[in-house]
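K.L.:
Residue numbers (the numbering used here), protein chains in the order written: chain A, 1 to 111; chain B, 1 to 113.
Hints in this document: simulated from the structure, not taken from any laboratory. Here a beta-carbon is modelled for each residue, glycine too, at the ideal position from N, C-alpha and C. There's no promise every hint is true.
Mimicking DMTMM-like on lysine to aspartate or glutamate, the simulated pairs with C-alpha atoms at most 25 Å apart in a straight line are [to be verified]: (1) A/Lys104 - B/Asp84; (2) A/Lys57 - A/Glu79; (3) A/Lys11 - A/Asp62; (4) A/Lys104 - A/Glu72; (5) A/Lys57 - B/Asp2; (6) B/Lys45 - B/Glu58; (7) B/Lys55 - A/Glu99; (8) B/Lys45 - A/Glu56; (9) B/Lys45 - A/Asp38; (10) B/Lys45 - B/Asp84; (11) B/Lys68 - A/Glu99; (12) B/Lys45 - A/Glu99; (13) B/Lys77 - A/Glu99; (14) A/Lys57 - A/Glu72; (15) A/Lys65 - A/Glu79; (16) B/Lys49 - A/Asp38; (17) B/Lys77 - B/Asp53; (18) B/Lys55 - B/Asp2; (19) B/Lys77 - B/Glu58; (20) B/Lys45 - A/Glu72; (21) B/Lys49 - A/Glu99; (22) A/Lys18 - A/Glu56; (23) A/Lys104 - B/Glu42; (24) B/Lys49 - A/Asp59; (25) B/Lys68 - B/Asp53; (26) A/Lys65 - B/Asp2; (27) B/Lys68 - B/Glu8; (28) B/Lys45 - A/Asp59; (29) A/Lys11 - B/Glu42; (30) B/Lys77 - B/Glu8; (31) B/Lys49 - B/Asp84.
Over 10 Å on every C-beta distance to chain A, these chain B residues come out as not near it, computed from the model [said to hold, decoys possible]: (32) Thr12; (33) Glu15; (34) Leu17; (35) Pro18; (36) Asn22; (37) Arg56; (38) Glu58; (39) His63; (40) Ser72.
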Amino acid sequence: EAAVTQSPRNKVAVTGGKVTLSCNQTNNHNNMYWYRQDTGHGLRLIHYSYGAGSTEKGDIPDGYKASRPSQENFSLILELATPSQTSVYFCASGAGQGEVFFGKGTRLTVV
Amino acid sequence: GDSVTQTEGLVTLTEGLPVMLNCTYQTAYSTFLFWYVQHLNEAPKLLLKSSTDNKRTEHQGFHATLHKSSSSFHLQKSSAQLSDSALYYCALRASSGSWQLIFGSGTQLTVMP
Numbered sequence: 001e002a003a004v005t006q007s008p009r010n011k012v013a014v015t016g017g018k019v020t021l022s023c024n025q026t027n028n029h030n031n032m033y034w035y036r037q038d039t040g041h042g043l044r045l046i047h048y049s050y051g052a053g054s055t056e057k058g059d060i061p062d063g064y065k066a067s068r069p070s071q072e073n074f075s076l077i078l079e080l081a082t083p084s085q086t087s088v089y090f091c092a093s094g095a096g097q098g099e100v101f102f103g104k105g106t107r108l109t110v111v
Numbered sequence: 001g002d003s004v005t006q007t008e009g010l011v012t013l014t015e016g017l018p019v020m021l022n023c024t025y026q027t028a029y030s031t032f033l034f035w036y037v038q039h040l041n042e043a044p045k046l047l048l049k050s051s052t053d054n055k056r057t058e059h060q061g062f063h064a065t066l067h068k069s070s071s072s073f074h075l076q077k078s079s080a081q082l083s084d085s086a087l088y089y090c091a092l093r094a095s096s097g098s099w100q101l102i103f104g105s106g107t108q109l110t111v112m113p
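Take the sequences, apply the hints, and build the full model.
P.N.:
See below:
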């Protein structure tokens, strides 16, 4: 079974603070993704990556940065967190045209 | 750009009745279509996938057929079970050189006894 691990699982941050969400995959997949999930909007793509050193903007990249320092790790960075970024964030990995495998999600609350 | 539309946000039905969840899509490229299922407090998991026009694909009692002529990939099941209650996402991967996976807004299926 493909393994994608997210940390932390829950996070409370203050407005204006910096938040880093981490994701690690042991599947040796080239592609990794960050989504946020909000009721009524489904899963929206924030950033994705084709491999170590690459990051690409998804549909809603504003206010987010991403970093892929290695094949296994993909981080999502909120430099100045805002309450509108309160959401559940999912990391996923995939290879080519196959399915993607999701982590268990991180619930972020910005107060 | 590419997009996926799921018209029903919420579907409630009685156990034993058939299920049909709608999915239509837009893309200029050849496609892979997916259905993902997410149970409460869990991660989304793949339920079905297809890239072949007019071929029925089945898994865990659910089935779907990709119809490129109508840009549709509806999810069906002949008889709903209580355990089918979950959030269902239709997703599109367009082979445009990008491996983005674009999701619809999701359909929450609730099966009542």
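K.L.:
Each hint: holds or not?
P.N.:
Okay, the hints, checked on the actual structure:
1. A/Lys104 - B/Asp84: Judged against 25 Å, a Cα distance of about 20 Å means the pair holds.
2. A/Lys57 - A/Glu79: Holds: A/Lys57 and A/Glu79 sit about 16 Å apart, inside 25 Å.
3. A/Lys11 - A/Asp62: Measuring from Cα to Cα gives roughly 20 Å; hence the hint holds.
4. A/Lys104 - A/Glu72: With a Cα-Cα distance of about 16 Å, the restraint between A/Lys104 and A/Glu72 holds, given a limit of 25 Å.
5. A/Lys57 - B/Asp2: 15 Å, holds
6. B/Lys45 - B/Glu58: 15 Å, holds
7. B/Lys55 - A/Glu99: 18 Å, holds
8. B/Lys45 - A/Glu56: 24 Å, holds
9. B/Lys45 - A/Asp38: The hint holds at about 17 Å.
10. B/Lys45 - B/Asp84: 13 Å, holds
11. B/Lys68 - A/Glu99: It holds: about 20 Å lies between the C-alpha atoms, which stays within 25 Å.
12. B/Lys45 - A/Glu99: With a Cα-Cα distance of about 9 Å, the restraint between B/Lys45 and A/Glu99 holds, given a limit of 25 Å.
13. B/Lys77 - A/Glu99: Holds: B/Lys77 and A/Glu99 sit about 22 Å apart, inside 25 Å.
14. A/Lys57 - A/Glu72: Holds. A/Lys57 to A/Glu72 sits at ~19 Å (cutoff 25 Å).
15. A/Lys65 - A/Glu79: Holds, at roughly 8 Å.
16. B/Lys49 - A/Asp38: 24 Å, holds
17. B/Lys77 - B/Asp53: The given pair, whose Cα atoms are some 20 Å apart, holds under the 25 Å limit.
18. B/Lys55 - B/Asp2: 22 Å, holds
19. B/Lys77 - B/Glu58: 10 Å, holds
20. B/Lys45 - A/Glu72: Judged against 25 Å, a Cα distance of about 20 Å means the pair holds.
21. B/Lys49 - A/Glu99: 8 Å, holds
22. A/Lys18 - A/Glu56: At roughly 21 Å apart (the allowed maximum being 25 Å), A/Glu56 and A/Lys18 satisfy the hint.
23. A/Lys104 - B/Glu42: It holds: about 6 Å lies between the C-alpha atoms, which stays within 25 Å.
24. B/Lys49 - A/Asp59: Status holds; Cα separation ~23 Å.
25. B/Lys68 - B/Asp53: Status holds; Cα separation ~6 Å.
26. A/Lys65 - B/Asp2: 23 Å, holds
27. B/Lys68 - B/Glu8: Given that 25 Å is the threshold and the Cα spacing comes to 21 Å, the pair holds.
28. B/Lys45 - A/Asp59: The hint holds at about 22 Å.
29. A/Lys11 - B/Glu42: With Cα atoms ~17 Å apart, A/Lys11 and B/Glu42 stay inside 25 Å; holds.
30. B/Lys77 - B/Glu8: 16 Å, holds
31. B/Lys49 - B/Asp84: 18 Å, holds
32. Thr12: B/Thr12 clear of chain A: closest Cβ-Cβ about 16 Å, beyond 10 Å.
33. Glu15: Given a closest Cβ separation of 25 Å, the condition holds.
34. Leu17: Correct as stated: the minimum Cβ-Cβ distance to chain A is 25 Å, above 10 Å.
35. Pro18: B/Pro18 is indeed farther than 10 Å from all Cβ atoms of chain A, at 24 Å.
36. Asn22: 14 Å, holds
37. Arg56: 19 Å, holds
38. Glu58: 16 Å, holds
39. His63: B/His63 is indeed farther than 10 Å from all Cβ atoms of chain A, at 17 Å.
40. Ser72: 18 Å, holds
Violated hints for the displayed structure: none, as all numbered hints are satisfied.
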